[in-house]
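There are 2 protein chains.
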Amino acid sequence: MTRPLIRTMTVIGVGLIGGSFARALKGSGAVERVIGVDRDQENLKTALELGVVDEAAPSLADGVRAADLVFLAVPVRSVAAVVAELAPHLAGGCIVTDGGSVKDELVRQCEALLPAGVAFVGGHPIAGTEHSGAAASFAELFKGRRCILTPTATTDAAALQTVRRLWEAAGSRVESMDPLTHDRVFAAVSHLPHMVAYALVHAVAASAEEEENILAFSAGGFRDFTRIASSDPVMWRDIALMNRGPLLDLLDRYADELAALRQRVESGDGTWLEQFFRTSKRLRDEIT
Amino acid sequence: MTRPLIRTMTVIGVGLIGGSFARALKGSGAVERVIGVDRDQENLKTALELGVVDEAAPSLADGVRAADLVFLAVPVRSVAAVVAELAPHLAGGCIVTDGGSVKDELVRQCEALLPAGVAFVGGHPIAGTEHSGAAASFAELFKGRRCILTPTATTDAAALQTVRRLWEAAGSRVESMDPLTHDRVFAAVSHLPHMVAYALVHAVAASAEEEENILAFSAGGFRDFTRIASSDPVMWRDIALMNRGPLLDLLDRYADELAALRQRVESGDGTWLEQFFRTSKRLRDEIT
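So the sequences go chain by chain: A and B.
So for the first sequence, full-length UniProt numbering puts the first residue at 1; every next one is plus one.
So for the second sequence, full-length UniProt numbering puts the first residue at 1; every next one is plus one.
Please keep in mind that the hints were generated in silico from the structure rather than gathered at the bench.
Each hint can be trusted.
In this list, chains with the same sequence are indistinguishable; a pair is considered to hold if it fits within one copy or across any two.
Here are the computed lysine to any residue pairs in the SDA-like style, where the Cα-Cα straight-line distance is at most 25 angstroms: (1) K281 with D252; (2) K45 with D62; (3) K281 with A255; (4) K26 with P58; (5) K281 with G221; (6) K281 with G220; (7) K143 with A219; (8) K281 with S190; (9) K281 with P233; (10) K281 with D224; (11) K281 with E210; (12) K281 with R223; (13) K281 with R244; (14) K26 with D40; (15) K26 with E49; (16) K281 with S78; (17) K281 with D40; (18) K281 with R227; (19) K281 with A135; (20) K281 with V234; (21) K281 with E211; (22) K281 with A136; (23) K281 with R77; (24) K281 with A206; (25) K26 with G133.
All chains, full assembly: derive it from the sequences and hints.
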C-alpha cells in the first residue's frame, strides 16, 4: 500500500475509462476515496454497487466540492461545458485532468475556464476495449499501455508531476507531448485511418447496391480491414470536429497520394506502381 | 479413393497455390499423376523432393505434352505469355485452367490464344497464406474456402464440370460468375482496400518525416489496419494493371466519398458526420 497521492478523486463519467482509472488507483492505494458523477444514473448506480466508486454524487457541484483531483472522462466535445459548470465549485489547489483523445482545443478551453488556483493537466491514455460503461471497467486496462500528458507553458509543474504519478500507479508508461503535436500524431495514426475506413465502407456499399455479389464476398479480408468503421459514430463525430485542422491536413495529403496512385493505374505505369507498393510495404514492415 | 477425374495434370508454377492444388488432388485421388513446371529450378526440386509433384519437367513444352489438364498458377500478367508458349504443345481434348485473382482480361487472352479442341476455364480460389513456394503448400489450403469459376459463352460445358469437380475434390465450395462481374466484386472487396492501405501508409509516412512521434505511435491500431499494405508489390502491380477498369471506377467512387467527408469536416457539420459514421457502422456490422 503506497501512501495516497490523492485523498479524494472525483470521476466525471464513470464509464470504461473513468471506471478503470478509479479501480486502478484505489487498488494501488494511490487514491483514498472516489466520488462518481454521471449523467446516466443507472450507470452510476452500477458503479457504486460494483465498488468502482465509494460515493455517487447527485450533481456536478456536489461531486467536485471535496475533490483534490477531478478526472474528466466524458466525450471530448462535452468537456468544455462540464468544466464551465463545475469550475465555480472547485476548492483551491484542486487539480483537473482528463482522458480525451483530442487535446489542443480541449486544453485551451479548460485552461481558459478554470479559476486561478486550480491546475489543469491534459491527458490521453492509449487504451480501450470494445465495451463501455462502469460494468466494463477493470483495474488493469492501463497496465503497460502508454498515456500521453500534454502540458503547456502555463501548466503547474507539481500538478503535472502528481498526474504523472497517478498514471504510473495505474500501470501506464507516461510520455509528454505538447497538445498540438499530440493532435497531429493522432490525426495520422488514428483519426485519418478511421476516416479512410468509414469512407471505404460507403464506397463499397454503394457498389454493392449495383452488384449484390459484393456483399456476399465482403465477409473475408474486407470485413477485417474495415473493423474500425464499427467504432462509435458520436465519438468519431466529436474527434473529427475537435481535431479539424490536423485532420484536414492529413486528409489532403492522403487525397493527393490516392490521386497519384489513381493516375498511374489509369496510365498503366507498372514501374511506378510496383515502386509505390514496395515503398509502402517497406515502411509498414519497419513499424515495430 | 475416388476414380481419378484426371490422369495427368501439369501444374505451371508449383508455389503455394499450385503446390497445394497438386497435393489436394493427389491426396483425394482425383488426379493420378502430377507434372510440375517452374521457372525457379530450386523450387521445382523442392516440390519433387516433397512429393508435391511426381515429375519435374525441364520446359513448358515437355511439361504439357502429356497433360490432360494444365493448371496455371503463375502471376496474372504472365499467364498470356505462358499460354502462348505452351499452346502449340497441348494435346487435343486438354483442359487449361488457372487460379488468377483477376479474370476478365486474362480469360479473353487465354480463349484467344488456345487452339480449337483445347478448353479454357477461368478460376479463382479464395485462399492463401502469407507464405509462398512449394515448401509452403499443403493439401488443406482450399478446404471450406470458396473458389469462383468464370465461364463465358464459349466455355466447354464438360470441361467446366471437370474443373468444378476438381475444386470440390480439393474441398472448395465452387461458385460461378461471369469474368467481369468477378473483377468488379474483387475490385470492391479486395483491390480497392489494398490501394487505400498502400496510399495511407504513404501519407502517414510523409507526415512522419515532419513529426517523428508519428512513427513511435504507429505500432498499435495503425499497424493492424495497414497489414494488407505488406502484400507482395509485384502481385499487386499486376492486379492493378489487369483490373484497371473496375478498379478505376471504385477509386473514383471512393475519392468522391472521401471528398464529401473532407468537406463536412471542414464545414464542421456534426449532424452529417455522425450520420455518415453511423451508416458505415451499420453497413459494416451487417456483413456476416
